[in-house]
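Here are the chains, one letter per residue:
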Amino acid sequence: MTGRFTLTTAILLALAATGARADAIRIGVNEPLTGPFAASGTYVVNGARIAADEINARGGVLGKKIELVVEDNKSNPTEAAAVAEKLITSDKTPVLMGAWGSSLTLAVMPKLADYEVPMLVETSSSGKITTSGNPFVFRISPPSALEAETFAPMVAKLGMKKVDFLVLNNDFGRGAATDFGKMLKDKGVQVGLVEIMDQGAQDMSAQLAKLKASDSDTIMVTSAVDQLVLLFKQMAALGLKKRVITTGGSQNPDQIIAQAGSAADGTMHLTTFLPWIPEKTPDPKATETFIAEWKRRGYEFAGVTESFRGYDGIRAIAHAIERAGKPEPAAIAKAFWSVDFTGLNGPIRFAKSGPAGRESGQSKPDVYLIEIKDGRVVVPTL
Amino acid sequence: MDQLIQHLVNTAILGGTYALLGIGLTLIFGIMNVVNFTHGALYTVGAYLMYLAVAALGLNFFLALPVAILGGLLFGAAIEILLLRPFRGQDIDTTMLVMIGAGIALQSGTLWIFGGVAKAIPSPFPEAPLQIGPVSVSWLRLFVLGAALALIGLAYALINRTKLGLAMRAAFQDADTAALMGVNVRRIYTATFAMGSALAAAAGALLGPVYVVYPQMGGLAELKAFAIVILGGLGNVTGAAIGGFILALAEELGAGYVSSGYRDAMGFLIIIAVLLYKPTGLFAKAERIG
Amino acid sequence: MSPILSVDHAGVRFGGLVAIADLHFDVQPGEIVSLIGPNGAGKTTAFNVMTGFLKPSQGEVRFRGTSLKGLQPHEITRLGLARTFQRTSVFADDTVFDNVMIGLHRQGGRMSRAPLLDALLGRAGASERALRERAAALIDWVGLSARAQERAGALAYGEQRLVGVALALATEPAMLLLDEPVSGMNASETRVFVRLIRQIRERGITVLLVEHDMPMVMEVSDRIVVLNYGRLIAEGPPAAIRSDPAVIEAYLGQGSAARRAAAEAQGCEAQGSVSEAAHA
Amino acid sequence: MSRLLPLALLAALVALPLALGPSPYLLNALIVTGILTIGALSLNLLLGFTGQLSLGHIAFFGIGAYVSALTSLGFEVDLGFGYRIVHEPWPAAVGFGLATLAAGACGWLIGRLSFRVRGAYFVIVTISFAEVVRLVALNWVELTQGPLALTGIPAITLGLPGIGTWTLRTKLQNYYLVLAVGTLCWLVVARLVGSRFGRAMRGLKENESLALSVGINATRTLTVAAVISAAMAGAAGSLYAHYLRIIDPDVFAFTTTVSMVIMVVAGGKGTLMGPVVGGLIFGLLPVALRPVMAPEAQWIVYGLVLIVILFVMPRGIVPGLADLVRRRPARPAPVLEPSPVVQR
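Protein chains in written order, with full-length UniProt numbering: chain W, 1 to 382; chain R, 1 to 290; chain B, 1 to 280; chain L, 1 to 344.
It is worth saying that the hints were derived from the structure and are not from the lab. Be aware that one or more of the hints could be misleading.
What the hints assert, rightly or not - For lysine to aspartate or glutamate, the following DMTMM-like pairs were computed, each having C-alpha atoms within a straight-line distance of at most 25 Å: (1) W/Lys373 to R/Glu127; (2) W/Lys212 to R/Asp2; (3) B/Lys69 to L/Glu208; (4) W/Lys162 to R/Asp2; (5) B/Lys55 to L/Glu208; (6) W/Lys182 to L/Glu76.
Can you make the complete structure from the sequences, with help from the hints?
Shown next, in the form of C-alpha cells:
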C-alpha cells in the first residue's frame with residue numbers, strides 16, 4: 001500500500017516540478033496504471049523511477065537531470081495513442097518508454113512515425129512490433145520467436161515427446177503458441193492441443209479437463225502471473241500431473257510460490273531475469289543494487305520480474321541520450337543503434353529487424369529455465 | 001468418458017457459484033427494477049473483505065466468511081440509502097447510470113486502496129484433491145458448493161417463509177398496492193438491496209479463496225450474472241439458480257468439445273437462442289395482463 | 001345491407017378462464033351500437049379481439065367483409081377500424097397538436113414512395129404543411145383549439161378523452177370503437193360528448209361503444225348488445241333492453257352500485273337527465 | 001433560440017482548432033471525443049427516441065471498424081469446403097461506405113429482435129450480441145488477426161474524378177472530417193425526429209398500444225431506427241479505425257458502450273443536443289482530470305460527476321438547463337426539446 005501512495009505522491013511531485021525544472025531532460029513513460037494491466041504497469045514505472053533516481057544521483061545525463069513524465073494509458077489502445085500524443089507534443093519529451101501490452105504499443109507506433117520520436121519498448125512481445133517497418137521502435141523484451149529460439153537447445157534435454165498448449169487469447173499467448181509450436185515441430189516434437197483462455201477468466205477447469213485427458217507429456221502455458229496461480233491451483237484440484245513449462249516472462253515465481261503454494265511445485269518457467277540467484281545474472285552487482293533499492297522502497301519483491309524492464313529501459317534510454325549528445329528525437333533515435341551495455345538480463349544492443357531501410361531495433365536478452373522446488377526457485381540441472 | 005464425467009463434476013461446482021452470483025442480482029432486478037451495475041463491485045468488495053479478515057486481521061477462515069457477508073450487507077444498505085433512495089421514481093435508465101457511476105467509483109477505489117496486484121486468500125482445506133475414480137474435486141470447491149447451496153436455500157426460505165419475504169414478494173407484484181396494504185416499501189427496498197449485495201459479497205468471499213482477488217474481478221462476473229438472471233427470468237430465484245447451472249454446463253461442454261476460444265460465447269449464444277424462443281426467459285412466471 | 005362489422009362466434013380463453021364465449025353480433029353501417037354488461041363481462045376483451053390486440057381462440061371478426069384473422073393492430077387500423085382506450089388515451093408527453101400529428105401517421109404520405117428519404121432530404125415540406133392544416137382542423141372540430149400547444153398529459157381527464165377521439169379520427173376510420181369514453185366526466189362534459197358522438201356519425205362513421213354510464217348509453221344508442229360472463233344475453237333497441245329480464249337479473253346479481261345503475265337505467269326515461277352513477 | 005444554439009456550437013467547433021493553436025494533443029482528444037459523440041448520437045436515436053436501450057451498441061461501432069479496416073487492407077479467408085475468399089485492398093473511402101452498410105445490416109437483425117424482446121431482455125440480448133461479435137473477432141484469427149490486431153490501416157482518402165485525391169493524414173484534416181460526419185449525423189437525426197417517422201418513434205415510446213391503434217407499424221419503425229442508428233455507429237467505427245490506424249478486439253469493449261450511454265443520458269436522452277453536450281463533457285473530462293490527480297482518482301471522480309449530474313438534473317444536462325433558463329421547476333416526465341417539427 002505504501003508503494004501506491006509513494007507513486008501517487010511522486011506523480012504529483014513530478015507534475016508540480018513541471019516547468020520549474022525546464023533544464024531537465026524529460027523522458028515520457030506511457031504505462032497502464034489503471035485497468036486490467038494496472039499491477040504490471042505500476043511495477044514497470046517503479047523500476048523506471050529507481051533507474052532515474054540512480055542516474056540523477058550520479059549527476060544525470062549530459063550534465064542535466066532526467067525527469068520522467070509518467071502517464072496512465074488506462075490499459076486501452078486509444079488512450080495509449082492519446083498519451084503518446086500528449087507526451088510528444090505537449091510535454092515535448094524527445095524519447096518515450098512504453099507501453100507494456102502489445103496492442104497498446106501497436107497503437108502508439110503510428111504516432112512515433114508521425115512525429116519521428118523514438119520509443120523504447122520494454123515489455124510487449126508481439127512479433128509485429130519490430131517487423132512492420134517502424135524505425136522509431138527499439139525493443140528490449142524478447143518476442144516469442146526469440147524466446148522459442150533460446151529454448152530450443154533445452155527441448156531434447158527435457159525429453160519432450162508431445163506438447164499441448166494452454167495460452168492466453170491475445171497476441172502474447174497466441175504468438176507463443178505459434179512460435180513455440182513451430183520450433184517444437186522442427187525439433188521433431190509432436191504438438192497436440194492448443195487451448196485458449198480469456199484474459200480475466202478465472203475458471204479454466206473445462207480446458208484443464210480436456211488437457212488432462214490428452215496423451216501429451218508436457219503443457220506449455222503462456223499467461224500472466226495471476227492466471228498462472230489459478231491454473232496451478234486448478235490443476236492440483238483436477239489431479240493433473242504433467243510437466244508444465246510457462247513462457248512469456250510475466251510469471252513472477254515468487255508470487256506463484258506465495259499464492260499457489262505446493263500446487264506450483266515442479267513447474268518450470270522460462271524467464272528473462274534471475275533475481276533469486278543474483279550471482280548468475282550477467283551483471284551481479286547491478287542486480288543486487290537494484291533489488292536492494294527495490295526492497296528499501298518497500299515494494300513487494302514479487303514485482304522485480306516485471307520492474308527490471310522499466311529499470312533497464314530507462315538505463316538504455318539514458319545511454320542513448322548520452323551518445324546522442326543532445327536531447328533531440330532524431331539524434332536519440334540514431335544513437336539507440338550504438339547503445340551497448342549489460343542490462344540485468346544480458347547485453348542490451350539493438351539488431352536490425354523488419355523491412356530494409358525502415359528497420360526497428362531488437363535486443364536479444366538472456367532466457368533462463370527455472371524450476372519451483374519445495375517452495376524455492378532453483379535452476380534445474382539438465 | 002472420463003473427460004465427460006470430469007466436465008459434469010466441474011459443471012456442478014461452477015454452477016453453484018454462478019447460481020449464487022445470479023440470485024442476488026435477480027432479487028434486486030425483479031423487486032426494485034434496478035439494473036444493478038454495482039453487483040460486480042460488491043462481489044469484489046466481498047472478496048477483499050474476506051482477504052482483510054483472513055490475511056490482515058488473522059481471523060479464522062470460517063469466522064471471516066460471515067464478517068465479509070455482513071460487510072456486503074452494510075455496504076449494500078448504504079448504497080441503497082445514499083444513492084438509490086433519492087432516485088426513486090426515476091426511470092430505469094437513470095438509476096442504471098447511477099449504479100454504473102457507483103460501480104466505476106467502487107472499482108477504482110479498490111484499485112487505489114489495494115493496488116492492482118492480485119491477492120490470494122489462504123484456506124484451511126488440504127491442497128490434495130478428493131479423488132473418486134477418474135474424477136478429482138478440490139475440498140475447498142466442495143465446501144464452496146455446499147456453502148453456496150446453503151445460502152441459496154437460506155435466501156429461498158427468507159423469501160418464501162418469512163414476513164419480510166412476503167412483503168418483498170408483494171412489492172415485486174405491485175409496489176403501489178403493497179404500499180396501500182401497509183407494507184413499508186422504502187424499508188423493503190433497502191432490505192432487498194442489502195440482501196442482494198450480501199449475496200454478491202458472499203459469492204466474492206467464497207470465490208476469493210478459490211481464485212485470486214483483484215480489482216477487476218467483478219467485471220466478467222457481473223456480465224455472467226446478468227446472463228444467468230435473464231436465463232432464469234427476472235426476479236425468479238429458483239430460475240436464477242437453475243440458470244447458473246445451465247450456463248456452467250454450456251461453458252464446460254463448449255470449451256471441452258467445441259473450442260475453448262468460444263467458451264464465453266457459449267453462454268451468450270444460449271441466451272440469444274432462449275430469448276428468441278421464449279422472450280421472457282426460461283422460467284418466467286406469467287406476467288400480468290393489462 | 002351487409003354489416004360493416006361482424007363478430008362471428010368469437011371466443012377467448014386465458015388458460016382455463018373463459019373471457020368471451022361464442023360472441024356473435026353484427027353492426028350495420030351508420031349505426032351507434034353500445035356494448036354493455038357488468039364488470040368483468042368481457043367488454044374490453046371483445047374490443048381487444050376486434051382491434052387485433054388479442055387473438056380469438058375460436059371464431060373470427062370480419063370488417064367490411066374482410067376477415068381480421070392474423071392481422072396486426074396497425075393493419076386493422078389501416079383497414080378503417082379505429083379505437084380509443086379506456087385509461088391512457090393520449091401521448092402524454094407531447095402537445096395536443098403533436099398528438100394529432102402522430103395520429104395522422106398514415107395520412108398524406110401515400111403519394112411518395114420513399115417517405116423516409118423525403119424526410120432526410122427535407123422534401124416532405126408540402127405534405128407536412130397539409131398535415132398541419134388537417135391536425136388544426138381536427139383539434140378545432142373536437143373543440144380543443146385553445147389547448148393545442150399544451151402538453152396532453154397535463155389536460156383535464158375529459159379533455160384527454162377528446163384528444164383520444166381526435167387521434168382516432170385522424171386515421172380516417174369508417175368505424176370507431178370507443179372504450180368507456182365518458183367515465184370520469186362530469187354531467188356537462190358527458191352531454192357535450194354525446195353530441196360529439198352524434199356528430200361523428202354524421203361524418204359517416206359507424207360507432208360502437210363500451211360504456212357503464214347507463215343514461216348516456218340509453219340516450220345515444222340505436223341498438224344495445226349486452227354481455228354477461230362472456231356471453232351475449234340480450235340484443236336490441238334501448239327500450240327493449242331496459243325491460244329485458246335477463247339484463248335486469250345480470251345487473252341485480254352484481255353489487256349495490258350496479259343495482260343502482262340498473263335502477264337508473266329503468267328510471268332515466270322519466271328523469272331525462274344524465275347522471276354519472278354507474279361506476280362500480 | 002433553440003435553433004441558434006446548434007449553429008452557434010457548430011461555429012464554435014469549426015473555429016476551435018484556430019483558437020487552440022498548435023496543440024495536437026488537445027486536437028487528438030477532440031477527434032476521439034467527436035468519434036465517440038457520433039456513437040452517442042446514434043445511440044440516442046434508439047435509447048432517446050424509441051426508448052430501447054442497446055447495451056451492445058459497441059458491436060455496430062466495432063463491426064464498422066473491422067469492415068472498414070479489412071476492406072482497405074485486404075484479406076484472404078478459407079471458408080472450408082474448398083471455398084476461399086481473396087480480397088484485394090480497396091480505397092478507405094469505400095471501406096467507410098461498406099462499414100456503414102454492414103453495420104446497418106446488423107442493425108436490421110437487432111431491430112427485428114427488438115420487436116420480440118423488450119426492456120431488460122433487450123438490454124441483455126444486445127450485450128450478448130456484442131460479446132459474441134467480440135469473441136468472433138478475437139477467435140477468427142485468419143480474417144481478423146484476432147488479438148494480434150489489424151495494423152497499418154490506411155488513412156481515408158477522398159477522391160473526386162478529375163480533381164485528384166486528398167489523403168487525410170493530419171490531425172486538422174481528421175478533425176474536420178469527424179466534425180463533418182458528426183454534423184451530417186446530427187442533421188439526419190434532427191430531420192428524422194421532425195418527420196412523420198420521428199413522430200411514429202415518439203408515439204411508440206410513449207404509448208405503444210395507442211401508437212399501434214393509429215396505424216403505426218411498430219416492427220418497421222423500430223427496425224428502421226435500429227438500422228439508421230447502427231449505420232451511424234458503423235460510420236463512427238470506420239472513422240476510428242482509419243484515424244487510430246490499428247484496431248484489435250478491444251474496440252468491442254463494454255466500457256465504450258457505457259461511455260456512450262453516459263454521454264446520452266447525462267446530456268439528455270431524447271433531445272437533439274443532449275448527446276453532443278454529454279459527449280463533449282464526458283469525452284473531455286478525463287483529459288481535464290489527467291494533469292490534476294492520480295489515475296485511480298480520475299476514475300472515481302468520473303463516476304461521482306456522473307452521479308452528481310443525475311442528482312441535480314435527473315433528465316440530463318440539456319433539459320435541466322432548459323428548465324433553468326425558463327425558470328420553472330423540473331417536471332417529472334421528460335419533455336422533448338422543441339424540435340423542428342413545431343414550426344418551420
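Consistency of the hints with the structure:
1. W/Lys373 to R/Glu127: 16 Å, holds
2. W/Lys212 to R/Asp2: Between lysine 212 of chain W and aspartate 2 of chain R the Cα gap is close to 10 Å, so the pair holds against 25 Å.
3. B/Lys69 to L/Glu208: Cα-Cα ~21 Å, so holds.
4. W/Lys162 to R/Asp2: With Cα atoms ~21 Å apart, lysine 162 of chain W and aspartate 2 of chain R stay inside 25 Å; holds.
5. B/Lys55 to L/Glu208: Holds - the C-alpha atoms of glutamate 208 of chain L and lysine 55 of chain B are around 18 Å apart, at most 25 Å.
6. W/Lys182 to L/Glu76: 22 Å, holds
In summary, the structure agrees with every hint in the numbered list given earlier.
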